[in-house]
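Peer 1: Required output: the full structure, derived from the provided sequences and hints.
Residues per chain, in single letters:
4 protein chains.
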Amino acid sequence: MSMVIRGGTIVTADLTYKSDILIEDGKIAAIGDNLTGDKVIEADGCYVMPGGIDPHTHMEMPFMGTYSEDDFESGTKAAVAGGTTMVVDFCLPAPNQSLLEALQAWDNKSSKAVCDYSFHMAVTWWSEQVFDEMKTIVQEKGINTFKHFMAYKGALMVDDDEMFASFSRCSELGAMPLVHAENGDVVATLQQKLLAEGNNGPEAHAYSRPVDVEGEACNRAIMIADMANVPLYIVHVSCEPAHEAIRRARANGKRVFGEPLIQHLILDDSEYKNADWDHAARRVMSPPFRSKEHQDGLWNGLASGSLQVVATDHCAFTTEQKRMGVGDFTKIPNGTGGLEDRMPLLWTYGVGTGRLTPNEFVAVTSTNIAKILNIYPRKGAILVGADADLVVWDPKASKTITAKHQQSAIDYNVFEGIEVTGLPRYTLSRGRIAAEEGVVLAKCGDGEFIAREPYPAVNKALSKWKEITSPRKVERSGIPAGV
Amino acid sequence: MSMVIRGGTIVTADLTYKSDILIEDGKIAAIGDNLTGDKVIEADGCYVMPGGIDPHTHMEMPFMGTYSEDDFESGTKAAVAGGTTMVVDFCLPAPNQSLLEALQAWDNKSSKAVCDYSFHMAVTWWSEQVFDEMKTIVQEKGINTFKHFMAYKGALMVDDDEMFASFSRCSELGAMPLVHAENGDVVATLQQKLLAEGNNGPEAHAYSRPVDVEGEACNRAIMIADMANVPLYIVHVSCEPAHEAIRRARANGKRVFGEPLIQHLILDDSEYKNADWDHAARRVMSPPFRSKEHQDGLWNGLASGSLQVVATDHCAFTTEQKRMGVGDFTKIPNGTGGLEDRMPLLWTYGVGTGRLTPNEFVAVTSTNIAKILNIYPRKGAILVGADADLVVWDPKASKTITAKHQQSAIDYNVFEGIEVTGLPRYTLSRGRIAAEEGVVLAKCGDGEFIAREPYPAVNKALSKWKEITSPRKVERSGIPAGV
Amino acid sequence: MSMVIRGGTIVTADLTYKSDILIEDGKIAAIGDNLTGDKVIEADGCYVMPGGIDPHTHMEMPFMGTYSEDDFESGTKAAVAGGTTMVVDFCLPAPNQSLLEALQAWDNKSSKAVCDYSFHMAVTWWSEQVFDEMKTIVQEKGINTFKHFMAYKGALMVDDDEMFASFSRCSELGAMPLVHAENGDVVATLQQKLLAEGNNGPEAHAYSRPVDVEGEACNRAIMIADMANVPLYIVHVSCEPAHEAIRRARANGKRVFGEPLIQHLILDDSEYKNADWDHAARRVMSPPFRSKEHQDGLWNGLASGSLQVVATDHCAFTTEQKRMGVGDFTKIPNGTGGLEDRMPLLWTYGVGTGRLTPNEFVAVTSTNIAKILNIYPRKGAILVGADADLVVWDPKASKTITAKHQQSAIDYNVFEGIEVTGLPRYTLSRGRIAAEEGVVLAKCGDGEFIAREPYPAVNKALSKWKEITSPRKVERSGIPAGV
Amino acid sequence: MSMVIRGGTIVTADLTYKSDILIEDGKIAAIGDNLTGDKVIEADGCYVMPGGIDPHTHMEMPFMGTYSEDDFESGTKAAVAGGTTMVVDFCLPAPNQSLLEALQAWDNKSSKAVCDYSFHMAVTWWSEQVFDEMKTIVQEKGINTFKHFMAYKGALMVDDDEMFASFSRCSELGAMPLVHAENGDVVATLQQKLLAEGNNGPEAHAYSRPVDVEGEACNRAIMIADMANVPLYIVHVSCEPAHEAIRRARANGKRVFGEPLIQHLILDDSEYKNADWDHAARRVMSPPFRSKEHQDGLWNGLASGSLQVVATDHCAFTTEQKRMGVGDFTKIPNGTGGLEDRMPLLWTYGVGTGRLTPNEFVAVTSTNIAKILNIYPRKGAILVGADADLVVWDPKASKTITAKHQQSAIDYNVFEGIEVTGLPRYTLSRGRIAAEEGVVLAKCGDGEFIAREPYPAVNKALSKWKEITSPRKVERSGIPAGV
Ligand SMILES: [Zn+2]
Ligand SMILES: [Zn+2]
Ligand SMILES: [Zn+2]
Ligand SMILES: [Zn+2]
Ligand SMILES: [Zn+2]
Ligand SMILES: [Zn+2]
Ligand SMILES: [Zn+2]
Ligand SMILES: [Zn+2]
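Residue numbers (the UniProt record's numbering), protein chains in the order written: chain A, 1 to 483; chain B, 1 to 483; chain C, 1 to 483; chain D, 1 to 483.
These are computed hints drawn from the structure, not numbers from a lab.
Any given hint could turn out to be false.
Identical copies carry no separate label here, and so any pair may be met within one copy or between two of them.
Okay, derived cross-link-like pairs now, DSSO-like style, lysine-lysine, Cα gap no bigger than 27 Å in a straight line [what the hints assert, rightly or not]:
| no. | residue 1 | residue 2 |
| --- | --- | --- |
| 1 | K464 | K396 |
| 2 | K273 | K292 |
| 3 | K466 | K273 |
Peer 2: Structure representation (structure tokens):
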């Protein structure tokens, strides 16, 4: 069955023009005027944009003996309700666990997804086995990104040696490392110090993770990636010290990408001062929310290109789960939701204010990450042949965000009460209407795994440059005898 | 007559894929496999890219009682020979001359062009007439960019007041100001000081225009554009102080673009120390060549996005013309050639080393400026419906640059002796073969003027943001009586 | 008559130690234990520090047909009451007025001073006469600093050419230029725009002088000083763009000094939003107060050494004078008081919080500027032979600042209601008790003019470096014949 | 016996004036005109300055089974021959060795010193014992500085946790941490990679320690010190990435000091390309020499105050010792000499060119470090009561540096052949002539240990600020029950 989106204005990362779109077999079959098909979707007064891609989610994530509440079903339902048509989740092997075995577990969980998805593989320990399996992951499993945690000491954290080894392996394989950049040693010490001082409330979570602790780790990861001859992607960049490290690296020609979260763009650290323990605890995530001046920096980075992608780090815990940390903030599960709200919020605060053009909105919600992940133009584009992952966006539609009407399984929403203008009228996932006016039509299992090829252009160019500038041995005759 | 480009790999600013291209009526009619047409061009082993756009040329430019030697014929022949299919020249009204009258003169000269072209209008003086004519220029003449010279005191230079007025006018009209950023007062004083000290050789040209003199003007223009609520484009960014000002502005969310020249990317200031006066004088341009570390900065800016466009400032004077400045470097006509060599040089030193990906090459030679000038995707794109301005690029073809075989009318080439790898096999201008293996087939008058619409997306977004953040009056009751 | 200060702890820019001080003939005659003299001042529990030097005051300054209310009597009484024992005022020739003639007028006014003083000479226009008189000013009149206004268009403002000429003249004479750094063209245009939009209240004064307008001018002055081979001193640095320009210059080895005001360190721009017109208008000065983040930057600059001096720009207008600007903010006389409060405020907010050490307090209130002005160690030091300009500082004494008890002749105080801890018990001016517990004992005419020699060490070093790195002519044979 | 230095010009960190100096009992007894004493030293045409302090030496240092060749005798003889009157050496406990036991060993070695000395204690491992002994070291042993190696993996290196613990301990004790800032993990990996690639020559030593590896560690140490509420001193800052991290920290109000070495100011990395293996190997030290642009940065930092101290890291190995690394650069002992040459070189290249004033020369060779180490004004000053550690400096005296005439025990000099202008005529150590015209008169054991008190002003101020800005618990009622 074919479908036509009629009467809309197509907005991509670099074009804005009126045109119809014909969809056949889940792909864009034609772009032009007066197209006809079996079914017609009216897009009058709407923008038609590539569906959003959220490269940073944690569905049903194991954490401190519990699991994040949104699984691949409720999580991806939230996604499509909000205009996002693909998520990339993190496969997290336990220390000493085989990467392949962990991937199997994630494969199982993801079968419920209602929209397309992919995985980043986390490197949470190091061994010859990990070294070997990385090759399989890249060459056989369609994964070209490896996540590294510089925080969560005693759990997911890897040290500099392990990062250097893994980054170097990424370089060989044409893959890209990702990092969660916070100095885990320092966070752990600050946590103990704060608890010892009686600072056990959720605000101490923020105190234990100052901006410079993030900036430091970011700076360190960049150096190691440079030494390992590989591009780098920094997840959840929340503050100017981290952003500054990225800007400085890029100004020196390094290939570094940065991803702010919608939460850090909209919310600030005053939330943790809220007199209601639950209110504050629900907003506990890492890195924590920052002050207004950091927000301004992140917005400027999106407009100027020093930051490329807006994600959510969607990792939803219920209030009851959050209360595991009453009396000890270090036991509050880290994470917030955001998948359903990312695009309306970014549109409202970005395009609605002129901080971003509509094209930049598409770039940072979809196209840039598709390129970085090497799945462009299958995803992130409106081109003939591309997957029909599309959102028909009504720039005049408004709503007030509330947990009452959300797809996410949790009992609150950190954006509760914020009014957004600009909402998806239709979300299409490979040509199927996945959501309409906020009602999710997509079904469990509608989503497919999206494999990603290694060696994107940036990796190839960087390798060439590194080869040309590599250390050269000085030729000497008459070297003395050694001692 | 239709034409097919067969067997090549299409490279655009964001895609690389094998496909044929069908051209009809000067436009791209289809992109796909196994296309057929009346004529076939073989592109095996070649990249097919958007033709280059050089947004900074001066053909037959009046200067100190003479004219730059390349007119629109020889100049655009050099362009197409080197893979460039569109140039933007600067219409330069004399002080007190009507903009419209000056435009008529440029229209006349440009009728000889063998490829498409457009104009930037220079604001070289200020009055109500200029204010009024700017509207006509934008709304009736298809020009959305206005150039301002902060140097050339006593001739083209405008002061801060005039810039502010003109930039504000640009803001109203949805146009964009351009600046030549050097502090003209300081240059003039340094020139006199150097001459007084006996420094009259071509190297003194460089001494009279230090990097900080450019950086200062760049910083000042950025501030004025910000106050005038308008984006800004800095031509011929040659050094780190200027680049740093741009980076700093962008990091603060300002909409500023920067254009390095191929000359500054490849050549350095040691050229002025050459014992041959002619050698040094031929390389006199403003800003002058800089030291190696500034070059590195420019390359890094292209890769990281703080600089967007590579141009030439093609303004070719013969050795004889240059000799007007024997004994007084201030009389050496400012300018060098580069149109024919820009793309092969950038490919060789950029893509050939891994400093740029092939896609970034397309972006900085064509696509980015097409977007900035608001003529994308008619130009700068390989999309159905776009003008068939294309270059079939042979990445293996080599040559040594020499004035002997160049299209330019002058008697030397500042890149003489440099070997380049990567050359156009065919250059197509609106579907016609304009050059083949360096032989120019295009004819006088084949080129057309390309009109450009105002209010690109960046202007609109910036205006919205400026409106939202504009000063708000404090409401007061009980204001005391004045004195 | 000799005097001994007994029992105190001497605090200088680099030492803290308990010792008595013997004073004879207005000078420090001995420093040691158990000194005896005709009179004894008890300093138990007190710090004994060099008296403050305020290098930026405007006594009885002509402005828009009126005069600032504090003359050299009330102004210097405010100084000594607050622990300051020397002020440097600005001699402001009218355009076309002889510098020497203007100096005569300032000499006349200053005869009332109760403590020592000196003058900066302003260069408000340019001519051969000014060029010639600068030599006399330096060599015969004991003035080694020349002030330049980049703002106040149509009145005091000079343009880049004039600045370059005057800075070069300073270089020759071993003098140092000072600048008021705001882009006067832009300020004037913004003023007209704001008035046209109905923004006529005092808050529009701040709107008309954005931080980047100051930053730009600061950056420009730095470049011009560098080209003129002379150190530079930026008065009233109020914001990060200006401070950043200074930091960047210093990081590049330039000899640039920056002076924040106590007002900008303590007060912020929310003052202009006050519903009371008088409240806001009383705080109108240029540059205006800035937001909190700029304050933090200034404090950090004092601690790290990128800023060297804290001044007041004391220029006090009465409420009635301020009301000249009702209905038109551009007519509000620019200026606030601060002389009496500078040192207690800086102590309270600086030393009291640990942002500054006591030694740094002395450095930024006295010693640094004495060195910069080349009057160290006569002033700014506690050394045998130095002038006995001293303050006996009681770090435990407190008061609440209020206009009711101030020395200044005006009817309000912009710091009204702020509690300070740390006050002068005694202020000694050349060995005389000028103030005791806030009661001024000094008399009209007690003050003397302090002559200052040219060619401080920094000027000499810079001249040597500039000579070594000056442009060198390329020697060529066979230069072609000119055209 | 008293002594008078007659006819010289005293130059201190902030004063330049003609005066005689009277010395009694090893201390300055008087400063004034026409002083008389038992013995007279003529200083006509000379500057009299505080003797140099080199805070970074390694005498008889155990390293890879050997010892650095200069012991406290030959090393301090080199010092006084070159105008330096005090050195601070590093006491290096082996892992698991008691700090007190190690100190005993250093005490033993230092008994041979011909001039005064002090120690930094290194923290090379961590335990409750170390924690406890640090208190004894500070409170009983006169040491207020603790060194931390971020490099030398498997030997001296400590990790972030250990640094944080030790820095926090320093904060409590009023001491200051020092760091050798290079990422040891990365260095170790690069070493192995280079050796595996056949890069085994001395140039590979430089390749294995890129500038960003130093910059990263510097940045990390700064963050940890900030979290631990303590000032920080970075030894041997060699490059812009490290310097930039320091500048950035200082611009944010952090109390960070930086120490470039005379080697890095004068020599560059082209030395490692020398065809003579011995030549290159003799220059192997960590960090290695850098390129010219880094040198410029260091010089600018000294002039602008972002760097405070010039040291040598004197650690002299013979050519034979160096040859332990033939065939494997990682086995070349790290270190070069410099003690005798530091002051003449810095005078020649700094004061002689105008990059530094004479006062700045004194500041960076003596006074600043005396203040930082909290031994000012006993050392680093010319004040009555200060130790008579003085150098009578002849600014016209010249020599060519050569190993033939040096005090150091090794067989070469990395500055061989450089001509210096500006040499000590006399060096006085506590009033005794320690060297005269290069001839050392001081004897073994003339030197004494200089104890240093904790809690300098900067520590106290920082602690106050950190207390004021420390995290505050949010008071909440109605906290929910935990899970
Ligand atoms: Zn994370
Ligand atoms: Zn995450
Ligand atoms: Zn130009
Ligand atoms: Zn041009
Ligand atoms: Zn001013
Ligand atoms: Zn003033
Ligand atoms: Zn070291
Ligand atoms: Zn060392």
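Peer 1: From the Cα coordinates, with 27 Å as the cut-off, is the pair K466 and K273 best called within, between, both, or neither?
Peer 2: between (48 Å within a copy, 20 Å between copies)
Peer 1: How would you classify K273 and K292 at a CA-CA limit of 27 Å: within, between, both, or neither?
Peer 2: For K273 and K292, both the intra-copy (15 Å) and inter-copy (20 Å) Cα distances are at most 27 Å.
Peer 1: Up to 27 Å between alpha-carbons, please classify K464 paired with K396: within, between, both or neither.
Peer 2: between (48 Å within a copy, 17 Å between copies)
Violation of the numbered hints given earlier is absent; every hint is satisfied by the structure.
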